[in-house]
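Colleague: The lines below spell out each chain.
There are 2 protein chains.
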Amino acid sequence: MSAPQPPPTPLGWHHLVELGGCDVAALDDVHRIEAALRAAAKAAGATVIDARFHKFAPQGVSGVVLIAESHLSVHTWPEHAYAAVDLFTCGVTLDAEPAVALLQAALGATTVSRQAIPRGLTESARGG
Amino acid sequence: MSAPQPPPTPLGWHHLVELGGCDVAALDDVHRIEAALRAAAKAAGATVIDARFHKFAPQGVSGVVLIAESHLSVHTWPEHAYAAVDLFTCGVTLDAEPAVALLQAALGATTVSRQAIPRGLTESARGG
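Taken in sequence, the protein lines are chains A and B.
Heads up, the first sequence is in my numbering, so the first residue is 1 and it goes up one at a time.
Heads up, the second sequence is in my numbering, so the first residue is 1 and it goes up one at a time.
Only chain A is shown next, with the shape it has when bound in the complex (with noise of 0.2 angstroms):
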């Protein structure tokens, strides 16, 4: 194995996404927020690996898909019709566009708000 080169800048993208107003039973419902995130993986271009969800009691579902490219996760909130989203890609051949679409009209949301955070090191890092 060659010596470890620094990782480029930024390594890849961490998408943040904040689903607001959503439709409550979607949010409860594991089968359907599955279904929403393997789509959404597809949407994006990604390679799916493995997936695992989990649905909470009283209320709530949580779910992680591995891609090949890094991963997605959904986590819900019913009781506030809100779902937390992140999509962190790497490599420059994923679209989060139409992966985050996706997930707002499968989730119903009605206010979309969201980031993209560069990852990987810094200069300073990269020098270290």
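Among the hints, a few may not be true.
It does not matter which identical chain is meant; a pair holds if it fits inside one copy or across any two.
Taking lysine to any residue pairs in the SDA-like style, the calculated list, with each CA pair at most 20 angstroms apart, reads [claimed, not checked]:
id	residue 1	residue 2
1	55	11
2	42	68
3	55	110
4	55	4
5	42	10
Simulated from the structure, these hints should not be mistaken for laboratory data.
Mind docking chain B on chain A? Use the hints.
Modeller: Structure of chain B alone, referenced to chain A:
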């Protein structure tokens, strides 16, 4: 089910951690990565629900631990001596500090940079 109420602000914190200058062998060892991430979840005070790990060819590991309080994930790039960690916590009972310290030690990271992003709805979205 009563009408959904807007979530508290913030509903949780998403800790994004960049670990640089890591032990390359550790980054490529799925068993060590799994042990470290599970130990980090425990150190944070989290309740582990499920976990998935994957070893890539030729190198690199991805892993996610679903916790009752959301999730932890790690993605490693041995070729860059780099690991990207995220820890999404909701509620006030979790402490990210010991989890980050444990992962830093387990992966032999020589540089650590972090940010904590508040999750939940913005004021405008809360009224939506």
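Colleague: Given a CA cutoff of 20 angstroms, do residue 42 and residue 10 count as a within-copy pair, a between-copy pair, both, or neither?
Modeller: neither (23 angstroms within a copy, 30 angstroms between copies)
Colleague: From the Cα coordinates, with 20 angstroms as the cut-off, is the pair residue 55 and residue 4 best called within, between, both, or neither?
Modeller: between (41 angstroms within a copy, 18 angstroms between copies)
Colleague: Checking residue 42 and residue 68: alpha-carbon separation at most 20 angstroms within a copy, between copies, both or neither?
Modeller: Answer is within: at 12 angstroms inside a copy they meet the 20 angstroms cutoff, but 27 angstroms across does not.
Colleague: My question is about residue 55 and residue 110: at a cut-off of 20 angstroms on alpha-carbon distance, are they close within one copy, between copies, both, or neither?
Modeller: neither (23 angstroms within a copy, 38 angstroms between copies)
Colleague: Cα distance capped at 20 angstroms. Does residue 55 pair with residue 11 within a copy, between copies, both, or neither?
Modeller: between (33 angstroms within a copy, 19 angstroms between copies)
Going through the hint list in order, the structure does not satisfy hints 3, 5.
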